[in-house]
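Chain residues, written in single-letter form:
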Amino acid sequence: MQTEHQVVPIRTPDNDSDGVTSVIRPDGSLNPETDPKLPLETVLDLYRSMVRTRVIDTQLVRLQRQGRIGFHIGSLGEEACILGSAAAMRPNDWIMPCYREFGALLYRGFPLQAYLDNMYGNADDIVMGRQMPDHYTGKAYRFGSVSSPIGTQITQAVGIAWAARYKGNDEVVSVYFGEGATSSNEFHTGLNFAGVMKAPVIFLCRNNRWAISVPSEKQTASVTFAEKGVAYGIPGVRVDGNDILATWKVVRECVEKSAAGAGPFLIEMLTYRVGGHSTSDDPRAYRVQDEVEQWRRTDPIQRMRTHLEGRGAWDEARDEAYKQEVETELKACITAAENKPKPELGTMFDDVFQHRPWHLEEQCEALLAGPRPKSEH
Amino acid sequence: MQTEHQVVPIRTPDNDSDGVTSVIRPDGSLNPETDPKLPLETVLDLYRSMVRTRVIDTQLVRLQRQGRIGFHIGSLGEEACILGSAAAMRPNDWIMPCYREFGALLYRGFPLQAYLDNMYGNADDIVMGRQMPDHYTGKAYRFGSVSSPIGTQITQAVGIAWAARYKGNDEVVSVYFGEGATSSNEFHTGLNFAGVMKAPVIFLCRNNRWAISVPSEKQTASVTFAEKGVAYGIPGVRVDGNDILATWKVVRECVEKSAAGAGPFLIEMLTYRVGGHSTSDDPRAYRVQDEVEQWRRTDPIQRMRTHLEGRGAWDEARDEAYKQEVETELKACITAAENKPKPELGTMFDDVFQHRPWHLEEQCEALLAGPRPKSEH
Amino acid sequence: MPQMNLVQAINSALASEMRADPDVVVLGEDVGKVGGVFRVTQGLYDEFGEDRVIDTPLAEGGIIGAALGMALYGLRPVPEIQFSDFIFPAFDQIVSEVAKYRYRSGGEYTAPMVIRTPVGGGIRGGHYHSQSPESLFIHTAGLKVVCPSNPYDAKGLLLSAIRDDDPVMFFEPKRVYRAVKMEVPEEEYTLPIGKAKVVREGEDVTVIAWGAMLFEALASAEEIGGEGVRAEVIDLRTLWPVDIDTIVESVKKTGRVVIVHEAPKACGFGAELLSMVVEKCFVHLEAPPVRVTGWDTPFPYTLEMEYLPLQHRITPALLETARYVP
Amino acid sequence: MPQMNLVQAINSALASEMRADPDVVVLGEDVGKVGGVFRVTQGLYDEFGEDRVIDTPLAEGGIIGAALGMALYGLRPVPEIQFSDFIFPAFDQIVSEVAKYRYRSGGEYTAPMVIRTPVGGGIRGGHYHSQSPESLFIHTAGLKVVCPSNPYDAKGLLLSAIRDDDPVMFFEPKRVYRAVKMEVPEEEYTLPIGKAKVVREGEDVTVIAWGAMLFEALASAEEIGGEGVRAEVIDLRTLWPVDIDTIVESVKKTGRVVIVHEAPKACGFGAELLSMVVEKCFVHLEAPPVRVTGWDTPFPYTLEMEYLPLQHRITPALLETARYVP
Ligand SMILES: Cc1ncc(C[n+]2csc(CCOP(=O)(O)OP(=O)(O)O)c2C)c(N)n1
Ligand SMILES: Cc1ncc(C[n+]2csc(CCOP(=O)(O)OP(=O)(O)O)c2C)c(N)n1
Ligand SMILES: [Mg+2]
Ligand SMILES: [Mg+2]
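Protein chains in written order, with this note's numbering: chain A, 1 to 377; chain B, 1 to 377; chain C, 1 to 326; chain D, 1 to 326.
Please note: incorrect hints may appear among the correct ones.
DSS-like mimics (lysine-lysine), calculated; alpha carbons at most 25 Å apart, straight line [said to hold, decoys possible]:
#	chain 1	residue 1	chain 2	residue 2
1	D	K181	D	K197
2	C	K181	C	K253
3	B	K374	C	K252
4	A	K257	A	K167
5	B	K331	B	K342
6	B	K139	B	K342
7	D	K280	C	K253
8	B	K218	A	K198
9	C	K280	C	K197
10	A	K257	B	K257
11	D	K252	C	K280
12	C	K33	A	K198
13	C	K33	B	K218
14	D	K253	A	K374
15	B	K167	B	K139
16	D	K33	C	K280
17	B	K342	B	K374
18	C	K280	D	K280
19	A	K167	A	K198
20	C	K33	A	K167
21	B	K167	B	K37
22	A	K167	B	K218
23	D	K195	D	K280
24	B	K198	D	K33
25	C	K197	C	K181
26	C	K252	D	K280
27	A	K342	A	K331
28	A	K374	A	K340
29	D	K33	B	K167
Keep in mind that the hints were calculated from the coordinates and are not lab data.
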């Protein structure tokens, strides 16, 4: 007997049909069957969060090009799946990030200044300039620490969820990763452990079609990423990740079920990485512009705006004003971040352990005694 | 949308129905629909290979209890799935072992004396006493080197298969592992790579229900192990692994398809580890005897014998004679193995690299210069 | 006071801390129902249930990754890796995540956990049931590394390790799991991490060892005592951060030092110890420091007693070092 | 003769060997169409096709495991790990399998492969794009470890490594990927693995370095030349098996040695080098050997120039060592 599985071809929101939940139609109207029927203020809030994220993303790329920050890894085109899923998590739920989810962190209330300080790795940086830009953390916001190695957050999320349930707390954990990360050891182990432990984890796979230069069809021979859940007894769900209302709805449903004891869910959010992998990458070397253009037509912000304008709830003037507001706030944060000093030298030796052992004391003294390096870089 | 998959409950050959191929019926007759219709001499050969394996297994456990060998990890009850699959591989095909497949190696013609020398780790041991017992190798038999770390052979098998195809050779690679190993990093990566590369690999999962003390239902929440193929676009097949004819048939079909370009297959062979995990383990500490007894009733050797006797092709006298033959051969090998010296001291420093570098020359000289240890162990 | 071997002392530490602190959980392969392949967790499953003594699927990366999640949440997991040779599927989680989580989150998160794992050779384990990978973890900033040699130390150090807010690698010398019995209090007590112990005093030469090799070093010290050479024996107990004061004090006294470990020589912890001794005691050294270690080969099966740095190899090294004249 | 930087020289070595030997294949993440994130494999995909330049899924364990299978079959794979910081998911395959396959199969099988991977800091890479894990592999018996500092050596050593019947870790100092251009023959040539190079002669103090730090050591040597101190600079090139003769000869001459590396100090390769120097040159040492290394912390971002053992830290160490009076 061959194990059978439903074949669901990868779809763009353009050719969406069964199997991939979406809400916002091309004309901006909502599919009443899937519409989560959020209050208008919430819908506006979701929209603004995407706009804010994009304004920041755009500015950070510019700063990197100008040599003012070292690096940025952004979410251009992926705002809906990131913000929609983040918004669908309840306040007590946890978010374990990959590296493109600064929008989710800000959505949870993390101060923009703190984010900028992290981008500059200055003395006020929450991680004291120890990590690269975009490697933030936000424990107060129930948000994990960004790590570069692919996939490691996935098993950790399972442990957090297990611990929360063990302590009797009604908390669900969501964990982000790209479709490339489904090939990692930790994806396999994380989903397998979650399945066995019935841990309340929402596995959020941002299928943005690319892992740096590797297209998703070279990543795996499975037809979809959602169906990988079968291997772990975990339901796999596919959603139009460029549709923030659909993402919100699907994620929230899974969160509620998971909180009620249904165990983990794997959600494949179909989206597209419109920009380069990071500021270090030029995607023209490996993909055709046509593909990018096709996806630009399903731009998550434009889709939502079409909807809101159709409802009479938004217009060009309001859009401009809002962007202006974000830009002003952002500029102030950038200026402040740029004027802050570097972290103090001695901080390099803190937090390796709770208390500095003798060898780090010794090394710290040696460093402080100088001499100083000739160049900053 | 929830990805759907067929639910196939784990079955024993007792309650076998659709989804799990079997051939030999309880009364010893063959199911004509699945019978591979092998020539009688081949069927007898398969039967004898199982008997031989069991005689050896039984004797090795005894030797370990007597303190004459250090360790044995056997195949009691799993003979059909090991021998049936090994026999189904074509001569040019490769076998990458787990650690219970000495029967497969002997089936390929590896001398029994060489196997015993490995069990004793003596001077004639093919691996020069470097590895534990049951960590044999057989390149001349297109058989890989046994390793203790779980799962590592799986990705290697994919590389071998890829290389063979790259060189234009019609060779398929089979790789054995337990159902516990499906949780390993290497299972995931191996199947994913094989799926993407369309490598001619037959993944042979011996589902013997236990990973030391951990039952298969604590290993994963998937309903079957075969369905894990879905995650990699690899067809998953289930076979009654206590039925050597069924195993032969299913494996051979997959080998032929794979050789013809169909890519990899995952075969779940349903069987049962009747003995302890190894001579170091006492399973009474974690499982009930009832379960063992239930499985003993489907003993692969007895089933085959019932069939052969029904055909008039075998009887008690022939059985005794054959066992006697194996035992005689075995005893001679044991005596010979026990009388061989230990490997020479200097061999410890060979094969770390092709040529001994200076530091190993230095260390070897130091070792040879003595002194010698007080105790052998 | 009850007599306990190493297995029983560790078991006693786990049980007493699990009774005292509901945040302590144990997880790993076969740690539950059967109580571990070495029976170190025996009885815990029955006493604390399957929620606190978790039989996991066969994936070390999952064991450590899940344990890290639990630690981030505030629990104090004690994952077991069945043999330290099988720690490598979890290596990424340990060196990239566990070791760095506190640092990289600016101290927001902590990763308190004790990774227990049997270590060392001499049990006919061949390549993959014998290795001593401690130096890989010492090289990784952010991990404490402990290796007790006897039951009393094991219990006291394990309790300290579980209460420590930093991750601790807890290596258990399996060759002496049942070799030594000694009095170990039923009740809880702690021994400080980072403190070595001079287990034998001597003026002529210092020998530094830990784990199973401590007993070999002691035997050699006794042996050469007969020849009038007085060896001082240090049981490191904590490998990292190492108790440099005890080492320096001893070497300044003896001027001579022999370092013993099972792991291969190249880049083993002996290299670090030797280097530190040279850096801190150069003018006091009356003989070149010597390393007696496993060879730079994989760990062999039949010839394992020829591989290990046992008494027969330590004794001549001690004598030579003690009698060295430049 | 064409001028090449390190990237171009490595690319040239790969291309020329792939032309000469159809058994050489390249595999890794992003090595194909885009030619690697550092463009080291640029053009190979176009010239040799996707069967020999394989863009793999995102799994380092799969890259190395598959490469090992290819090697067992008789190919000569050259897997790339995108950053050496990401080698840890493949650690089990490397240390348990690649390193031991020849040994544990009694020499039946061999595992010839070159694991190429960029190493080192100074490119604003933070924790995970900066590390130097060489000592972990040196500690593992069965691996050769190479780290060239310049384009000429890189090409010659890479060609030797590919033809070597043993597995070779080939660490590429990414900070100097494009820093130095020099004449590199278009045609193939090899340099022996296991041979260091004295790149500057001197009588007063020896400095041992490799990779990107070689240039810092050289700069310091020049700097102190002005103060009348003559430093001898050794570029190790092969880290393991290390060229002990060159080291011993130099240290016997100078009696003083400074070892430089980026990796953390504790159990770094410097500890092994220092130990070997002490073991082999004890009576010749006129000053304690000194290590100038990365600190025992994770690799930082903003302060990375304060972390690295650059010229500003090597110079005073050299002066102090050269002028040391007991
Ligand atoms: C273990 C590991 N290997 C390689 C890398 C280098 N790398 C960084 S991001 C990336 C691609 C990730 O793709 P995907 O998971 O799809 O996430 P996306 O960037 O598309 O959001 C790679 C290969 C890494 N960070 N970690
Ligand atoms: C990486 C690793 N972890 C743990 C072990 C210890 N161990 C040896 S066999 C085994 C169970 C394997 O179960 P399974 O894969 O089902 O194979 P079976 O023994 O049942 O044939 C375990 C946990 C190991 N050898 N390697
Ligand atoms: Mg992606
Ligand atoms: Mg099993």
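Cross-check of the supplied hints:
no.	hint	result
1	K181/D / K197/D	19 Å, holds
2	K181/C / K253/C	32 Å, violated
3	K374/B / K252/C	33 Å, violated
4	K257/A / K167/A	19 Å, holds
5	K331/B / K342/B	20 Å, holds
6	K139/B / K342/B	23 Å, holds
7	K280/D / K253/C	24 Å, holds
8	K218/B / K198/A	11 Å, holds
9	K280/C / K197/C	19 Å, holds
10	K257/A / K257/B	42 Å, violated
11	K252/D / K280/C	22 Å, holds
12	K33/C / K198/A	20 Å, holds
13	K33/C / K218/B	12 Å, holds
14	K253/D / K374/A	31 Å, violated
15	K167/B / K139/B	18 Å, holds
16	K33/D / K280/C	53 Å, violated
17	K342/B / K374/B	16 Å, holds
18	K280/C / K280/D	19 Å, holds
19	K167/A / K198/A	15 Å, holds
20	K33/C / K167/A	23 Å, holds
21	K167/B / K37/B	34 Å, violated
22	K167/A / K218/B	22 Å, holds
23	K195/D / K280/D	18 Å, holds
24	K198/B / K33/D	20 Å, holds
25	K197/C / K181/C	19 Å, holds
26	K252/C / K280/D	22 Å, holds
27	K342/A / K331/A	20 Å, holds
28	K374/A / K340/A	21 Å, holds
29	K33/D / K167/B	23 Å, holds
Hint violations for this structure: numbers 2, 3, 10, 14, 16 and 21, all remaining hints satisfied.
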